[in-house]
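Q: Sequence:
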Amino acid sequence: MNQLLLVPTEPEMQILLPQLRGFAADSGCAGSESGNGNVALCGFGQIISAARAVMLIARYQPKSLILAGIAGALDPRLTIGNAYEFDRVEVDGVGVGVAIPPGCDFGAQPACRSTYRSAAEIGWTHWPGSDDSPVIGDAISLRPSRGSGMPAPDAGDADYQGLGLLSVCAASADAAQAEGRRQRYPTLAAEDMEGFGVAAACRLAGIPLRIVRGISNRAGDRDLSHWQTVTALESVARLLNARMPFAAVTGPTSQSLPGSEPDGARRA
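Counting in the numbering used here, the sequence shown runs from 41 upward without gaps.
These are calculated hints, taken from the structure and not from any lab test. From the three backbone atoms N, C-alpha and C, an ideal C-beta is built for every residue, glycine too. Among the hints, a few may not be true.
Stated by the list, open to error - Here are the in silico distance ranges between beta carbons for each label pair:
#1 Asn42 with Ala210: 29 to 37 Å
#2 Arg99 with Pro226: 34 to 42 Å
#3 Asp214 with Val134: 16 to 24 Å
#4 Cys209 with Gly169: 41 to 49 Å
#5 Gln59 with Gln101: 21 to 29 Å
#6 Asn42 with Val136: 38 to 46 Å
#7 Asp172 with Gly133: 21 to 29 Å
#8 Asp214 with Gly62: 13 to 21 Å
Based on the provided sequences and hints, a complete structural model is requested.
A: Encoded structure:
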């Protein structure tokens with residue numbers, strides 16, 4: 041199975057990789073190869089993760105790619121400590137203006153209103169398209185194309201399907217910023233910091249991408265004692281182990297809601 045699994049950071053890799061069947065951790069935690077394919081770090085944030093994805097796609101020439109790590113919940117229905125797969129990713133922060141000026145209580149006064157307008161809202165695409173690559177706008181669908189051998193992320197999940205992911209350059213700093221994002225993107229369930237960059241690289245390369253994120257925290261909660269990073273990544277490993285190799289899957293791939301236990305660590 042020529043698959044490439046990307047993980048943003050070493051702390052995530054160190055927790056996740058030993059729990060994955062078919063992947064063996066190497067001593068530097070920079071990447072490894074085994075029966076299910078290759079696994080490597082893509083780096084922290086949109087820019088380096090996109091650049092690394094391009095480099096690693098060229099190196100390994102995978103038929104499909106998975107991005108896995110942690111994320112912050114925007115939708116209160118997402119359970120901290122659980123893992124979810126997303127069927128679309130949308131970028132925030134590429135355009136003009138600011139979403140919430142520093143020091144503002146969201147919506148409290150006119151000066152605190154968002155001035156942000158996305159690339160699409162000012163009439164731009166991220167990539168205009170060419171003979172060998174499609175147009176890329178503010179949002180990228182992760183639903184596989186016909187004939188890719190990969191099922192739709194929400195196939196068979198009647199209770200909670202169509203999860204969208206907001207991909208940001210900086211995670212929500214507080215509850216006010218998270219609320220602003222919830223109001224601007226009411227259909228998006230969580231925020232991450234690499235999804236759009238990796239998705240753009242995959243779209244340009246013509247490679248199907250799946251994004252699986254464990255919910256470590258509520259977006260905007262920067263108190264690490266509340267975070268459940270280990271539990272969230274354990275849930276990611278269970279979801280991936282149950283569904284690898286993805287090309288053979290016919291059942292549901294978006295985990296439906298309930299429960300988890302506590303823990304604490306890292307970002308987004």
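Q: Work down the list of hints and note, for each, if the structure agrees.
A: Structure-based check of all given hints:
1. Asn42 with Ala210: 29 to 37 Å: holds (34 Å)
2. Arg99 with Pro226: 34 to 42 Å: With Cβ atoms ~39 Å apart, the hint holds.
3. Asp214 with Val134: 16 to 24 Å: holds (22 Å)
4. Cys209 with Gly169: 41 to 49 Å: At 24 Å between Cβs, range violated.
5. Gln59 with Gln101: 21 to 29 Å: Distance hint for Gln59, Gln101 holds at roughly 27 Å.
6. Asn42 with Val136: 38 to 46 Å: Because 41 Å falls inside the window, the suggested range holds.
7. Asp172 with Gly133: 21 to 29 Å: Taking Cβ atoms as reference, Asp172 and Gly133 lie about 28 Å apart, which means the hint holds.
8. Asp214 with Gly62: 13 to 21 Å: Given about 40 Å between the Cβ atoms, the range is violated.
Checked against the numbered hints above, the structure violates hints 4, 8; every other hint is satisfied.
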